[in-house]
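Asker: Sequence order for the protein chains is A and B.
If you're matching positions, the first sequence starts at 1 in the working numbering and goes up one per residue.
If you're matching positions, the second sequence starts at 151 in the working numbering and goes up one per residue.
Just so you know, the hints here were simulated from the structure itself, not pulled from any lab data.
Be a bit skeptical, because a hint or two may be false.
Stated by the list, open to error - Pairs of lysine-lysine, BS3-like flavour, derived with a Cα cap of 30 Å: (1) Lys322(B) <-> Lys172(B); (2) Lys116(A) <-> Lys16(A); (3) Lys446(B) <-> Lys573(B); (4) Lys116(A) <-> Lys527(B); (5) Lys328(B) <-> Lys154(B); (6) Lys131(A) <-> Lys495(B); (7) Lys345(B) <-> Lys322(B); (8) Lys362(B) <-> Lys573(B); (9) Lys432(B) <-> Lys8(A); (10) Lys362(B) <-> Lys527(B); (11) Lys573(B) <-> Lys345(B); (12) Lys332(B) <-> Lys8(A); (13) Lys432(B) <-> Lys345(B); (14) Lys345(B) <-> Lys328(B); (15) Lys122(A) <-> Lys362(B); (16) Lys328(B) <-> Lys362(B); (17) Lys131(A) <-> Lys172(B); (18) Lys362(B) <-> Lys345(B); (19) Lys122(A) <-> Lys16(A); (20) Lys122(A) <-> Lys8(A); (21) Lys8(A) <-> Lys172(B); (22) Lys154(B) <-> Lys131(A); (23) Lys432(B) <-> Lys573(B); (24) Lys362(B) <-> Lys8(A); (25) Lys332(B) <-> Lys362(B); (26) Lys362(B) <-> Lys322(B); (27) Lys8(A) <-> Lys131(A); (28) Lys446(B) <-> Lys527(B); (29) Lys8(A) <-> Lys322(B); (30) Lys116(A) <-> Lys172(B); (31) Lys362(B) <-> Lys432(B); (32) Lys573(B) <-> Lys8(A).
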Amino acid sequence: MERVLNGKPVVAGSAKGMSVVSTQPISFWGGLDPQTGVIIDRRHERCGEVITGKVFVFPGGKGSSTASAVLLESIRLGTAPAAIINAHVDPILALGAIVAEVLYQQSMPIVVLSQKDCGTIKEGDRLTIAKNGTITVNRSQPVCTGKAPE
Amino acid sequence: MHVKLSVIDRQKFEGQYGDAAKLAMSILVRMADVCGATELMDVTQAHVDSCALMSDSSLEFAERLAAGGGRVSIPTTTNMIPLDLQNWQRLGVPEDFASRALRLAKAYTDMGCVPTWTCAPYQGYLTPRFGQQIAWGESNAVVYANSVLGARTNRYGDFMDICAAITGRVPKAGLHLKDNRKGQILLRLVDIPPKLQEDDTFYVMLGHFMGKLVQDRIPVIEGLSANATDDQLKALGAAAASFGAVALFHAIGVTPEANTLDEAFQEGSAEHVIEIRPSDLKAAWEDLSTAAEGEKLDVVILGCPHFSFAEFRQLARAIEDNPGSSCANSRTVVLTSQSSYALLKRSDLLDRLSHFGVEVILDTCMFHSPIIEPETKVVMTNSGKCAYYAPGHLGVQVAFGNLRDCIRSAINGVVCREESLWKEC
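Start from the sequences and build out the full structure, keeping to the hints where you can.
Answerer: In structure tokens, the structure reads:
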């Protein structure tokens with residue numbers, strides 16, 4: 001099953017990866033260990049999850065203004081997500097990704113999607129992000145919800 | 151690029167003002183697109199948080215700007231640095247870590263920053279004026295500057311602050327513009343007992359509840375006491391900016407853009423009205439601690455954000471309530487700035503605090519500098535911000551308590567908290 005969602009690129013780039021989905025905002029500083037790519041905020045529902053190489057889908061950032069520096073360091077170390085999808089623009093995360101392009105010529109795209117579209121991405125979906133913000137969603141097995149398929 | 155640049159902006163962008171200004175302007179231009187700004191505007195003060203994190207990339211960025219001729223063009227203060235510049239050897243910070251932190255500090259002072267090294271810049275040198283356009287980093291400082299002082303800044307991430315300081319420019323967007331500062335959610339305090347509202351704990355719990363609830367919206371608090379102190383408002387903002395992304399709150403009759411409800415909402419109305427009752431705050435209090443009563447306590451951490459002189463005085467009073475006592479059974483650490491410490495040294499308080507066993511740590515904090523032993527298991531604090539981040543960042547259990555609780559617990563070496571505050575809630 002393949003679907004296409006039209007997102008808006010915040011930091012444009014292409015990427016592929018399996019989704020890790022959360023409905024909770026997160027502060028990358030104090031929330032992500034840039035050495036390991038593990039979520040460490042014990043108050044976050046995905047605490048313990050490795051997000052390296054994944055497409056991390058969550059509403060947006062919160063908390064510390066050092067989040068940009070943590071994202072930059074995780075991109076440098078290769079522990080960052082493959083891409084980020086948010087429901088609203090988070091300038092602090094965008095900044096981390098932009099400085100990574102300037103300093104290290106490494107790209108980690110960020111796309112914003114409507115909250116409704118964000119909600120249609122399920123854990124483990126295979127996502128392909130294009131430069132123009134288009135997201136192709138592949139789900140290998142349909143999720144059985146008891147409702148008619150979307 | 152969609153943003154319209156002035157002649158000088160363009161010259162900076164094209165490199166006529168040197169490599170650092172070019173790099174800074176290229177980042178600003180991209181960030182203007184991110185924010186949807188069509189032009190840049192002047193700022194007249196900056197507070198740089200980019201010096202806080204000890205990472206290779208943060209150091210590389212700072213040294214590249216400094217080597218590229220970067221000089222701040224507006225008065226610029228610095229957030230904490232990952233090192234107590236005076237006491238790091240005594241604190242056992244490894245030499246290689248210290249030498250990198252010193253390079254980080256040097257890069258920012260070489261660029262002309264004022265070496266304040268504090269996360270509470272609003273209680274020291276260069277406090278911004280009402281209405282002043284500024285570019286501040288550090289989440290607790292941002293919310294204080296916007297809300298309590300009425301200065302105007304967005305929540306600037308690390309690197310944006312120094313780019314703004316070098317160029318004196320930011321994208322014209324967000325909280326720099328009056329229209330975007332109007333209240334969105336009305337929080338009405340209902341049936342809060344006066345005794346509760348006088349206690350510092352109240353402000354932390356309100357910040358915790360508010361941050362989680364409103365996230366990045368602008369709350370307007372109705373019913374806050376006009377007697378709230380600067381330190382209580384600091385604690386409120388710091389908690390709200392940790393549990394949420396609050397960059398600005400209004401409090402009717404307390405903060406300068408909210409003399410009336412109409413002023414706070416700029417003649418508009420609230421999107422939501424929410425009542426906050428003592429039971430909500432009690433639930434926040436219960437949620438904030440992960441360590442149980444009676445657990446063995448390793449360290450009490452005070453000063454997150456950095457302690458003011460008034461807070462040192464409060465601490466001395468809490469200690470005097472327990473005559474002849476000391477914290478022999480657990481460390482009591484207070485984080486502060488050199489400027490508060492200078493006042494402390496000139497008062498009679500320092501001896502009294504030292505006698506109890508208080509360790510004063512300068513310029514830094516335990517989240518950025520390795521000053522808490524790795525085997526530490528239980529931490530107690532009077533800070534909502536510290537209580538939020540400590541479990542994940544330090545890998546510890548945390549207990550929240552007010553100053554009196556923290557001091558009693560430090561004396562006993564176990565977590566003990568007064569629950570009478572919540573008896574009628």
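Asker: State for each hint whether it applies.
Answerer: Status of each hint after checking the structure:
The straight-line distance between the Cα atoms of Lys322(B) and Lys172(B) is roughly 19 Å, inside the 30 Å bound, and the hint therefore holds. The hinted pair formed by Lys116(A) and Lys16(A) meets the criterion: a straight-line CA distance of about 21 Å does not exceed 30 Å. The hinted pair formed by Lys446(B) and Lys573(B) meets the criterion: a straight-line CA distance of about 25 Å does not exceed 30 Å. Distance restraint check for Lys116(A) and Lys527(B): the Cα-Cα separation of roughly 42 Å exceeds the 30 Å cut-off, and the hinted pair is therefore not satisfied.
Distance hint between Lys328(B) and Lys154(B) is fulfilled; the C-alpha atoms sit about 21 Å from each other, no more than 30 Å. A distance of roughly 58 Å separates the Cα atoms of Lys131(A) and Lys495(B); the hinted pair therefore is violated under the 30 Å criterion. Distance restraint check for Lys345(B) and Lys322(B): the Cα-Cα separation of roughly 44 Å exceeds the 30 Å cut-off, and the hinted pair is therefore not satisfied. Note on Lys362(B) and Lys573(B): the hinted pairing holds, with a Cα-Cα distance of about 24 Å set against a maximum of 30 Å.
Distance hint between Lys432(B) and Lys8(A) is unfulfilled; the C-alpha atoms sit about 41 Å from each other, more than 30 Å. Under the criterion of a C-alpha separation no larger than 30 Å, the hint pairing Lys362(B) with Lys527(B) is consistent with the structure, at around 26 Å. Under the criterion of a C-alpha separation no larger than 30 Å, the hint pairing Lys573(B) with Lys345(B) is consistent with the structure, at around 11 Å. With a C-alpha separation of about 27 Å, the suggested pairing of Lys332(B) with Lys8(A) holds against the 30 Å cut-off.
With a C-alpha separation of about 14 Å, the suggested pairing of Lys432(B) with Lys345(B) holds against the 30 Å cut-off. Pair hint Lys345(B) plus Lys328(B) does not hold up; C-alpha atoms about 36 Å apart against a cutoff of 30 Å. Annotation: proposed proximity of Lys122(A) to Lys362(B) holds, straight-line Cα distance about 24 Å (limit 30 Å). Among the hinted pairs, Lys328(B) with Lys362(B) is consistent with the structure: their alpha-carbon atoms are about 25 Å apart, no more than 30 Å.
Restraint check for Lys131(A) and Lys172(B): the C-alpha separation of about 26 Å stays at or below 30 Å, so the hint holds. Under the criterion of a C-alpha separation no larger than 30 Å, the hint pairing Lys362(B) with Lys345(B) is consistent with the structure, at around 24 Å. Using a Cα cut-off of 30 Å, the hinted pair Lys122(A) and Lys16(A) holds, with the two alpha carbons roughly 15 Å apart. Using a Cα cut-off of 30 Å, the hinted pair Lys122(A) and Lys8(A) holds, with the two alpha carbons roughly 19 Å apart.
Restraint check for Lys8(A) and Lys172(B): satisfied, since their Cα atoms lie roughly 27 Å apart, inside the 30 Å limit. Between Lys154(B) and Lys131(A) the CA atoms are separated by roughly 24 Å; this keeps the pair inside 30 Å, and the hint holds. With a C-alpha separation of about 10 Å, the suggested pairing of Lys432(B) with Lys573(B) holds against the 30 Å cut-off. Straight-line distance between C-alpha atoms of Lys362(B) and Lys8(A) comes to about 27 Å, which keeps the hinted pair within the 30 Å bound.
Pair hint Lys332(B) plus Lys362(B) holds up; C-alpha atoms about 20 Å apart against a cutoff of 30 Å. Distance hint between Lys362(B) and Lys322(B) is fulfilled; the C-alpha atoms sit about 28 Å from each other, no more than 30 Å. The suggested pairing of Lys8(A) with Lys131(A) holds, with an alpha-carbon distance near 9 Å, which does not exceed 30 Å. For the hint linking Lys446(B) to Lys527(B), the alpha-carbon distance of about 9 Å falls within 30 Å, and the restraint holds.
Only pairs whose Cα atoms come within 30 Å are accepted, and Lys8(A) paired with Lys322(B) is accepted, the gap being roughly 21 Å. For the given pair, Lys116(A) sits about 40 Å from Lys172(B) by alpha-carbon distance, which is inconsistent with the 30 Å threshold. Under the criterion of a C-alpha separation no larger than 30 Å, the hint pairing Lys362(B) with Lys432(B) is consistent with the structure, at around 15 Å. Between Lys573(B) and Lys8(A) the CA atoms are separated by roughly 51 Å; this puts the pair beyond 30 Å, and the hint is violated.
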